[in-house]
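K.L.:
Here are the chains, one letter per residue:
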Amino acid sequence: MNRKEAPELNQVEHISLVAPQIIREFPVPFYFMKEIPNATSRIELYFNAGTINGKIGLASAVSGLLLSGTNVKNSTQIHTELDNLGAYTDISIGHESVIVTLYGLNEKLSEITSLFLDSILNADFKQKEIDELIADRKQKLKINFEKVSFLAQREFTKYLFFESNYGRVIEEKDYDAISREEICDFHKNQYLNGLNKVVLVGEFSESEVVKIQDMLAPLCAIALPSFTDSLTNKSGRFSVSKEGALQSSIRIGRILFTRKHADYIPFAILNTVLGDYFGSRLMSNLREDKGYTYGVNSMVSEYQNSGYFLIATDVAAEHKESALNEIRIELDKLQKELIQEHELELVKNYLLGHLLKSADGPYAMTDLYVHLQNYGFDEAYYNRYIQEINEISAEKLRECARKYLNWDDLTIVTAG
Amino acid sequence: MIEFERFELPNGLKVLFHKDKTTPMAVVNTLYDVGARDESEEKTGFAHLFEHLMFGGSVNIPDFDAPLQRAGGESNAFTSNDITNYYDHVPAQNLDTALWLESDRMLSLAFTEKSLEVQRQVVIEEFKQRYLNQPYGDVWLNLRPLAYKKHPYKWATIGKDISHIEDATMDDVRSFFQKYYHPNNAILCVAGNFELNFIQDKISHWYGDIPTKLKPARIVPSEPEQTEFRELTLERNVPADAFYYAFKMSHRKSFEYYITDLISDALGREKSSRLYNKLKKELNLVSEINAYITGSLDEGLLMISGKMNDGIGLEKLDKELWSELAAFVSEPLSETELNKLNIKIRTAREFQDQGLLNRAMNLCQYELLGDAAAINEDLNVYQSITSEHICEVGRQVLKKENCSLLKIKRKEA
Chain A
767 MNRKEAPELN QVEHISLVAP QIIREFPVPF YFMKEIPNAT SRIELYFNAG
817 TINGKIGLAS AVSGLLLSGT NVKNSTQIHT ELDNLGAYTD ISIGHESVIV
867 TLYGLNEKLS EITSLFLDSI LNADFKQKEI DELIADRKQK LKINFEKVSF
917 LAQREFTKYL FFESNYGRVI EEKDYDAISR EEICDFHKNQ YLNGLNKVVL
967 VGEFSESEVV KIQDMLAPLC AIALPSFTDS LTNKSGRFSV SKEGALQSSI
1017 RIGRILFTRK HADYIPFAIL NTVLGDYFGS RLMSNLREDK GYTYGVNSMV
1067 SEYQNSGYFL IATDVAAEHK ESALNEIRIE LDKLQKELIQ EHELELVKNY
1117 LLGHLLKSAD GPYAMTDLYV HLQNYGFDEA YYNRYIQEIN EISAEKLREC
1167 ARKYLNWDDL TIVTAG
Chain B
117 MIEFERFELP NGLKVLFHKD KTTPMAVVNT LYDVGARDES EEKTGFAHLF
167 EHLMFGGSVN IPDFDAPLQR AGGESNAFTS NDITNYYDHV PAQNLDTALW
217 LESDRMLSLA FTEKSLEVQR QVVIEEFKQR YLNQPYGDVW LNLRPLAYKK
267 HPYKWATIGK DISHIEDATM DDVRSFFQKY YHPNNAILCV AGNFELNFIQ
317 DKISHWYGDI PTKLKPARIV PSEPEQTEFR ELTLERNVPA DAFYYAFKMS
367 HRKSFEYYIT DLISDALGRE KSSRLYNKLK KELNLVSEIN AYITGSLDEG
417 LLMISGKMND GIGLEKLDKE LWSELAAFVS EPLSETELNK LNIKIRTARE
467 FQDQGLLNRA MNLCQYELLG DAAAINEDLN VYQSITSEHI CEVGRQVLKK
517 ENCSLLKIKR KEA
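If you read the sequences in order, they're chains A and B.
Yeah, the first sequence ends on 1182 if you go by our numbering, and it's all consecutive.
Yeah, the second sequence ends on 529 if you go by our numbering, and it's all consecutive.
Treat the hints as calculated values from the structure; they're not laboratory data.
Some hints here could point you the wrong way.
Pairs of lysine-lysine residues, derived as DSSO-like cross-links and limited to a Cα-Cα distance of at most 27 Å, are as follows [what the hints assert, rightly or not]: (1) A:LYS908 to B:LYS135; (2) A:LYS913 to A:LYS800; (3) B:LYS423 to B:LYS369; (4) A:LYS977 to A:LYS1000; (5) B:LYS387 to A:LYS906; (6) A:LYS939 to A:LYS1008; (7) A:LYS894 to B:LYS276; (8) A:LYS908 to B:LYS364; (9) A:LYS800 to B:LYS276; (10) B:LYS331 to A:LYS908; (11) A:LYS908 to A:LYS839; (12) B:LYS423 to A:LYS894; (13) B:LYS527 to A:LYS939; (14) B:LYS130 to A:LYS839; (15) A:LYS892 to B:LYS364; (16) B:LYS270 to B:LYS230; (17) A:LYS770 to B:LYS230; (18) A:LYS1008 to B:LYS523; (19) B:LYS331 to A:LYS1056; (20) A:LYS906 to B:LYS527; (21) B:LYS523 to A:LYS906; (22) A:LYS1008 to B:LYS527; (23) B:LYS523 to A:LYS908; (24) B:LYS329 to A:LYS892; (25) B:LYS276 to A:LYS1056; (26) B:LYS364 to B:LYS295; (27) B:LYS295 to A:LYS1008; (28) B:LYS387 to A:LYS904; (29) B:LYS432 to B:LYS331; (30) B:LYS394 to A:LYS904; (31) B:LYS276 to B:LYS432; (32) B:LYS130 to A:LYS770; (33) A:LYS1000 to A:LYS892; (34) A:LYS913 to B:LYS364.
Note that the structure is a prediction, hence the values are computed from the model and not measured.
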């Protein structure tokens, strides 16, 4: 055996994506994935209750109070009943929506959903619970203010989503301005009439699905929310100072687009070359060559009608300027030089393998598919994606870098 | 039920094969039986630094990551106080690439100066990022030496001090490799849609010629029984006072381990737990409180930790906490509460077992404990626990002379 020689490679040519069923007889999109080889199940409820809604801090407070009690049960009783069914709940808030996820064994999920719905339909937002949540949030905010990564991300958010509701950041005093009345109103408008998508995974019979639908129907939003497509970042360099910090946190990025844009896939490939895998140019340079950082990465992220690009890293305080300079050199290189065949081929293969991995199993496939549906695509999208990856040229990637990675167009934030 | 096959090569490599017909991916998981507990007190942080060097090229292959990525694969690793674990995800048709890379770095590393210098810097930055430049980041660096006086659990995986990383030499690196990185000290699991004889052929092909060595004897000083309550208070620039109660508990292979795990769930895993309910919801003393176990192979810790509400003193919490613990160990749990704890564990397990990597990793860890088949027995062990077991073990564990308390106090401006 010759250990110096790499084994022959076989490339990923297609993925077989099993799409969830789309149930049409429901007021809002309802996806159902039935092909599960075990006893697990999950339901995701999307509410039109993200942080862009209402005054600053309100959406987040309400999402934290959903299980805080009703006129007949206090929060401990609610949590005890959920735990008695083995339920795990996750309530996550983004700019555009709140996603409530309930996990459980499939024989329990219907009961878990019913219990959860009872708790949010009848939530009564006692002042004691509100005060407690606000005190907790204030403490967390103070702790976060001690972290350079939080300070950098916060400042970056302001300038990335400049002068929009997406770019609002909370101050401690904002918490004091939130009233119980505002919480109740928000709950009524954004939750009780704000369900806009349901994703169900698990081996359920038709009648079980109907039962779950009947429970959820009263919460459905009348109209689907519409989101802005005109976010713009304020370019330039901004800094936050934090005395005594051993590391500086860096955020660099700009507003871009969703996958509906023709340059989305080419830019995503370019982003991978730059900073989205372990062997990326930024990792090779800042970590594996210079040792400035434990990690650096770049990413593209999508909203409903907009998207952004971001580079993030925490570096040794004394190397902050050198790190910024190296990042700039890497962006310049992508604009000036063509990516060599050897590297491009590696990235293409990596992306195809990564796609195969992110579609492994019924939960992963459902997540991919539901995300595609936001932009009007179905499972055929990934055949096109694979083809586009295989056919992409170094020229096209350089063109993308020239269009989207000009240093002067970027928002650059450091904290430390 | 997680099924698997087991075989062993003449050089001592233990191999587990887990078949999953539904996945297009393959996982190669390699567990080396070495962790921070195997380090000497003068050279801590070494097992973890070494994990970084394992990605710096091996004897025949200059770079680990690039060929794997070229095959559509991804890789990572972690080091704990007990073990070092490496894993690769790769499309099933490129399994050979992962085995080629993993077997070559088991054979020998490249040992380049550049790799050592850079990874030393990277680990120092990791030290800063995780432990020094974070509020409450240095808690475990201080808590471990309080709770352990002899056992090497008294230092964290990252190391006791940055200087140990700064002073590591190439000779240290070489001798560490020779001692711990060979077939007799490793457990390999391959998972994916393959046949057993195919995997047997592949493993013999790639690993068969790696020379065998003696499995290093583990001579770890055992921790003397704790007989007195220990306490340490540190002042830090943090917004809220915090508390960390650490109780000694039994080792991983004992029945008491499972009972203590269940006790920690009952006390503080969820919002329906005893301490959360009493100390937060009822008395409003804390902003957060959790109980959990460290999961160590040797005698570990049951932790109760949290943060205080503004204006409430740690002494007040201390009094209420001990009285709640005393009540917990004297009054048997109801059937309902016990069932609640068990269904949560079962549900969590069902979800964890979804992941191919989780299954492969757990199989290796159970094999290290003695038998991979135990992966299918765990839930029965939890089911067999009675409320009497809980009271009995609770009384042994949750007592003052078995506890080390670290308090972090806010520095007054």
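K.L.:
Confirm or reject each hint.
P.N.:
Hints versus structure:
1. A:LYS908 to B:LYS135: Violated, at roughly 49 Å.
2. A:LYS913 to A:LYS800: Roughly 43 Å between the alpha carbons, so the hint for A:LYS913 and A:LYS800 is violated.
3. B:LYS423 to B:LYS369: violated (32 Å)
4. A:LYS977 to A:LYS1000: violated (49 Å)
5. B:LYS387 to A:LYS906: holds (18 Å)
6. A:LYS939 to A:LYS1008: holds (21 Å)
7. A:LYS894 to B:LYS276: violated (44 Å)
8. A:LYS908 to B:LYS364: violated (32 Å)
9. A:LYS800 to B:LYS276: Violated, because 50 Å separates the two Cα atoms, which is more than 27 Å.
10. B:LYS331 to A:LYS908: violated (50 Å)
11. A:LYS908 to A:LYS839: violated (32 Å)
12. B:LYS423 to A:LYS894: Cα-Cα ~19 Å, so holds.
13. B:LYS527 to A:LYS939: holds (23 Å)
14. B:LYS130 to A:LYS839: violated (54 Å)
15. A:LYS892 to B:LYS364: Status violated; Cα separation ~40 Å.
16. B:LYS270 to B:LYS230: violated (31 Å)
17. A:LYS770 to B:LYS230: holds (21 Å)
18. A:LYS1008 to B:LYS523: Measuring from Cα to Cα gives roughly 25 Å; hence the hint holds.
19. B:LYS331 to A:LYS1056: At roughly 36 Å apart (the allowed maximum being 27 Å), A:LYS1056 and B:LYS331 break the hint.
20. A:LYS906 to B:LYS527: Given pair A:LYS906, B:LYS527 holds - Cα atoms ~17 Å apart, limit 27 Å.
21. B:LYS523 to A:LYS906: holds (18 Å)
22. A:LYS1008 to B:LYS527: holds (17 Å)
23. B:LYS523 to A:LYS908: holds (19 Å)
24. B:LYS329 to A:LYS892: violated (67 Å)
25. B:LYS276 to A:LYS1056: Satisfied, since the Cα-Cα distance of roughly 24 Å is no more than 27 Å.
26. B:LYS364 to B:LYS295: violated (30 Å)
27. B:LYS295 to A:LYS1008: violated (44 Å)
28. B:LYS387 to A:LYS904: holds (20 Å)
29. B:LYS432 to B:LYS331: Given that 27 Å is the threshold and the Cα spacing comes to 51 Å, the pair is violated.
30. B:LYS394 to A:LYS904: Holds: B:LYS394 and A:LYS904 sit about 22 Å apart, inside 27 Å.
31. B:LYS276 to B:LYS432: violated (33 Å)
32. B:LYS130 to A:LYS770: Holds, at about 25 Å.
33. A:LYS1000 to A:LYS892: Given that 27 Å is the threshold and the Cα spacing comes to 41 Å, the pair is violated.
34. A:LYS913 to B:LYS364: violated (32 Å)
Hint compliance for this structure: hints 1, 2, 3, 4, 7, 8, 9, 10, 11, 14, 15, 16, 19, 24, 26, 27, 29, 31, 33, 34 are not met, and every other hint is.
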